[in-house]
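Work out the full structure, taking the sequences as your base and the hints as a guide.
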Amino acid sequence: MSEVLVLVEHVEGQIKKVTLELLTLARRLGTPSAVWAGPGYSAEAKARLAEYGAEKIYVADSADIADYVVAPKAELLAQLVSSASPAAVLVAATAEAKEIAGRLAIKIDSGVLTDAVGIGEGLVADQSIFGGGVNVQSRVTKGTPIFAVRPNATPVEAAAGAGAEEQVTVAVSDAAKVAKVVDRVKEEKGARPELTEAAIVVSGGRGVGSAENFSIIEKLADSLGAAVGASRAATDAGWYPHQFQVGQTGKTVSPQLYIAAGISGAIQHRAGMQTAKTIVAINKDPEAPIFELADYGVVGDLNQVVPQLTDEIAKRK
2 MSEVLVLVEH VEGQIKKVTL ELLTLARRLG TPSAVWAGPG YSAEAKARLA
52 EYGAEKIYVA DSADIADYVV APKAELLAQL VSSASPAAVL VAATAEAKEI
102 AGRLAIKIDS GVLTDAVGIG EGLVADQSIF GGGVNVQSRV TKGTPIFAVR
152 PNATPVEAAA GAGAEEQVTV AVSDAAKVAK VVDRVKEEKG ARPELTEAAI
202 VVSGGRGVGS AENFSIIEKL ADSLGAAVGA SRAATDAGWY PHQFQVGQTG
252 KTVSPQLYIA AGISGAIQHR AGMQTAKTIV AINKDPEAPI FELADYGVVG
302 DLNQVVPQLT DEIAKRK
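Position in the sequence shown (first residue = 1) + 1 = the working numbering.
No more than 20 Å apart at the CA atoms, straight line, and that leaves these computed lysine to any residue pairs for SDA-like:
1) Lys17 <-> Arg185
2) Lys181 <-> Ser63
3) Lys99 <-> Val125
4) Lys181 <-> Pro40
5) Lys99 <-> Lys181
6) Lys187 <-> Val71
7) Lys181 <-> Glu97
8) Lys143 <-> Gly121
9) Lys57 <-> Ala159
10) Lys143 <-> Ala79
11) Lys187 <-> Tyr69
12) Lys252 <-> His11
13) Lys99 <-> Ala180
14) Lys278 <-> Pro194
15) Lys187 <-> Val70
16) Lys143 <-> Gly103
17) Lys18 <-> Glu45
18) Lys57 <-> Ala163
19) Lys316 <-> Asp223
20) Lys99 <-> Ser129
21) Lys17 <-> Gly226
22) Lys143 <-> Gly112
23) Lys143 <-> Gly31
24) Lys47 <-> Thr170
25) Lys108 <-> Ala85
Quick list of simulated restraints, FRET-style, between CB atoms:
26) Glu313 <-> Val179: 53 to 59 Å
27) Glu97 <-> Gly239: 24 to 30 Å
28) Asp312 <-> Glu167: 52 to 58 Å
29) Glu313 <-> Ser83: 53 to 59 Å
30) Val12 <-> Asp110: 30 to 36 Å
31) Arg185 <-> Glu293: 39 to 45 Å
32) Gly121 <-> Asp312: 39 to 45 Å
33) Ala161 <-> Val186: 34 to 40 Å
Hints listed in this document are in silico derivations from the structure and should not be mistaken for laboratory results.
In this text, all values refer to a predicted model and were calculated from it rather than measured experimentally.
Even for Gly, the Cβ is constructed at its ideal location relative to N, Cα and C.
Written as structure tokens, this is what we have:
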């Protein structure tokens with residue numbers, strides 16, 4: 002079977018969960034080959050990638066790749082597409098990786114599909130478009146297909162691969178060096194999982210009422226081991242930081258469980274969460290649009306319902 006290239010998402014050598022999802026998906030499409038770009042590669046990383054099906058690992062650990070903004074990774078992938086002739090290239094649907102995908106498409110004269118939530122037979126992608134209003138199936142008709150796949154779209158499944166290493170040298174062009182990374186500031190992380198990779202997300206909206214009341218959303222999230230999200234109305238009001246906004250102008254999530262508390266369900270918010278596997282809505286307005294999307298709905302005051310839910314979860318632990 003033809004190779005399927007998977008760009009590895011990693012931070013300080015730690016492989017992100019979305020990479021394991023991409024390797025799982027790649028096994029259904031061909032022979033998975035992981036592409037490691039930048040410093041941090043280790044024996045532990047090799048073992049992790051092989052555990053989830055990487056038959057080959059292309060290692061390009063030059064500091065040049067990390068020292069410049071996205072362009073060197075696109076050049077690396079273009080070089081591998083030329084030499085390996087893969088069936089497809091998979092990247093995560095993150096802001097950075099989607100830019101890499103776009104640059105790669107130009108370099109190899111190919112089509113690119115972003116925000117895919119699945120890839121089926123014939124390399125046909127399932128996508129949610131027009132702000133989440135339409136679900137379509139799309140196929141690249143020219144070149145080597147490039148897919149940006151949403152995190153949490155594919156359940157992770159381990160399946161041992163050979164993990165054969167191949168060192169790759171990439172000569173970063175002058176054009177790729179026009180934007181240089183001059184500083185990095187490590188964001189302090191709490192105990193909660195990252196929003197875009199969390200299996201469970203609890204989000205609060207306008208109905209929460211205040212910044213102080215977001216504590217009940219956080220308590221429910223912590224009882225479930227979940228990430229906390231917020232609607233645009235809540236972040237615009239200053240009740241919760243903008244980096245946790247879920248929606249068309251915020252982050253897109255596809256968790257196994259999404260709990261929307263006090264969120265009306267405007268199209269802007271739905272675009273960022275409607276591919277969640279199970280959606281639970283809590284809203285005192287029985288006509289709220291979110292109930293059209295929800296698998297389960299609770300009509301009631303979130304200030305009463307959410308604490309009761311948190312207490313019930315605590316009793317079962």
